[in-house]
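*Asks:* The primary structure of each chain is shown beneath.
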Amino acid sequence: MACSAWGWLPREIPELEIYLPSRMGDLLDYLAGEGRGASIIAGGTDIIPAMRRGALRPRRLVDITGLRELRYVKHDNGIVRIGALTAVSQLVSSVAWLGRRYYCFKAMDIHFGSWSIRNMATVGGNISSGGERDLVQVFHVLEGYARIKSREGERIAPAWRPELREDEIITEVFFKDLGKNSWTWFNKLEMRAANGIGIVTVSLMLRLDDNYVVDEIRIALNRVRGREAGRAHEAERFLTGKRIGYEMLREAMEVMEREISPASDFRASGEFRREASKILTRRAIEAAAKMITGGEA
Amino acid sequence: MSWYKISFKLNGEHVSVIVRGRERLIDVLRRLGMKSVKEGCSVGDCGTCIVLLDGEPINSCLMLAIQARDREITTLEGLSRGGELHPLQRAFIELAASQCGFCIPGIIMTAKGLLDRVPQPTEEEIRHALVGNLCRCTGYAKIVEAIRSAAQQRGSE
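Protein chains in written order, with the numbering used here: chain Y, 247 to 543; chain R, 38 to 194.
Just chain R, same shape as in the assembly:
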């Protein structure tokens, strides 16, 4: 059995962890307690496992953990600062944009990637960014509304 020691930045902090060659990034993130990272389809179709790699959304079920060495990973757990929720999290709560909630961490991470790049996206841009995030409760209208609201809130801050 092959084991490898890797280091990466997780939610702003350096972590060193021993991983098996076959372990995917999602496996290691969940092992490290990042339970917001969900496994849905396992093949990159559903987006529940999306995290940010150096600021860009990626599917953590399609990446081996060892490939995250020396990179920077952000999960939903890394969004709140000192107990203060991120504007996206606040907007999802205020607008009741979460139904069963399983897809929401992946959606918020995609939305974070989008707002960092396009601070005031149009509805079309939001829907285009979310193509790889499936919500089986089909609550897309509220989700899009929450992302727009968070963008406006950030713009007025």
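Bound conformation, chain Y alone:
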């Protein structure tokens, strides 16, 4: 493998004890009791490389893939609910019945790893890993919430910042259905055509009113300040209540340019990321507006 390119040599996964719960109650008891501090494995696409890098050295692991009741995407009285063990590929195919406005999920078919990775990686796993991961940005613009369980009970937290305790687990992500005249977008600039790590990712939710004026817009970037992912609130405020047009978008991107200060690293400089963020956001807004209006705005 390309160890030298990655800068690390793979290590053996350490000796592990594995707990295999088949019921949620057993899992919560274990995490709160003898399994305190255990790591959780679902799809394995994050945790196995982390163990092989030596970044994570758990002595106990909980394999939750037996909790198959956590694999679902459903629409319940205006709320979209996604089980934590839903594979990303399942999320992609749900767009067929969930509605085309959830293009942000469809885009995972292009930007989220490869087919085999999408068959393994789970929604809950991506959210729990956090940081610049793709679904974290997507749920930020969908204003998704994570249902988190522990033996003590249940709590709800923003899906983009669940801040899990070691005895807690995400069981579901849910958000309010966006309704008509709305569209979502996700785009990623990466070094490879696919299966790469994003230099810049942009997630967008756009809702226009009947006169094609921006009713609501949410923009999330993988780096807003430093390495911190987040929303471009000033650009959102600038755009709200305005009609999408070339000049207005140019001004909005100037607002965004002043608002964000992404960090540099070996993949790209902060300056490049800022420029790329503007371009990707502008394209996302144009594409979403076109989809809502059928090309009229």
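The set of hints was computed from the structure by calculation and includes no laboratory data.
Misleading hints may appear alongside valid ones.
[To be verified] On the chain Y side, residues computed to face chain R include the following (Cβ under 10 Å):
no.	residue
1	P256
2	I259
3	P260
4	E261
5	L266
6	A333
7	G359
8	S360
9	N427
10	S428
11	A440
12	G444
13	D511
Quick caveat: nothing in here was measured; it's all calculated off a predicted structure.
The beta carbon of each residue, even a glycine, is placed where N, CA and C say it ideally should be.
Starting from the structure of chain Y, add chain R where the hints point.
*Replies:* Frame of chain Y, contents of chain R only:
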């Protein structure tokens, strides 16, 4: 040291095997003689370890063996029937689509997953499915051609 007894279906047959907690699926499959399953990058980038899990391509280097319990695994060894090669294998031979051959088992398993789902894929669909399979001999043109040829052959059978 922790050992676990698991059972799963491997290429259509039930197997029971004792695995260590830390063993990945690729480790156990190779231990069981499935040497078509190759270790390349170890992090899910190269696709040489791809097998089918309940019919879907997955990276066996990113899954613990214990997670395969009660599931169905198909490797390249499970494709031929009674000495008869699978149409994909035949097409790869006929079109000389294999160079060094290291990546080919993973590619054929991805292609199998694709053809089971989309019997007559376009070139674009084939290339999209193969995004996670790297061929360092860079023989992609022949590989895509072989997959199309196998699809056509299956369609005419």
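*Asks:* State for each hint whether it applies.
*Replies:* Results for each hint:
| no. | hint | verdict |
| --- | --- | --- |
| 1 | P256 | holds (5 Å) |
| 2 | I259 | holds (4 Å) |
| 3 | P260 | holds (6 Å) |
| 4 | E261 | holds (6 Å) |
| 5 | L266 | holds (7 Å) |
| 6 | A333 | holds (9 Å) |
| 7 | G359 | holds (7 Å) |
| 8 | S360 | holds (2 Å) |
| 9 | N427 | violated (31 Å) |
| 10 | S428 | violated (27 Å) |
| 11 | A440 | holds (4 Å) |
| 12 | G444 | violated (15 Å) |
| 13 | D511 | violated (19 Å) |
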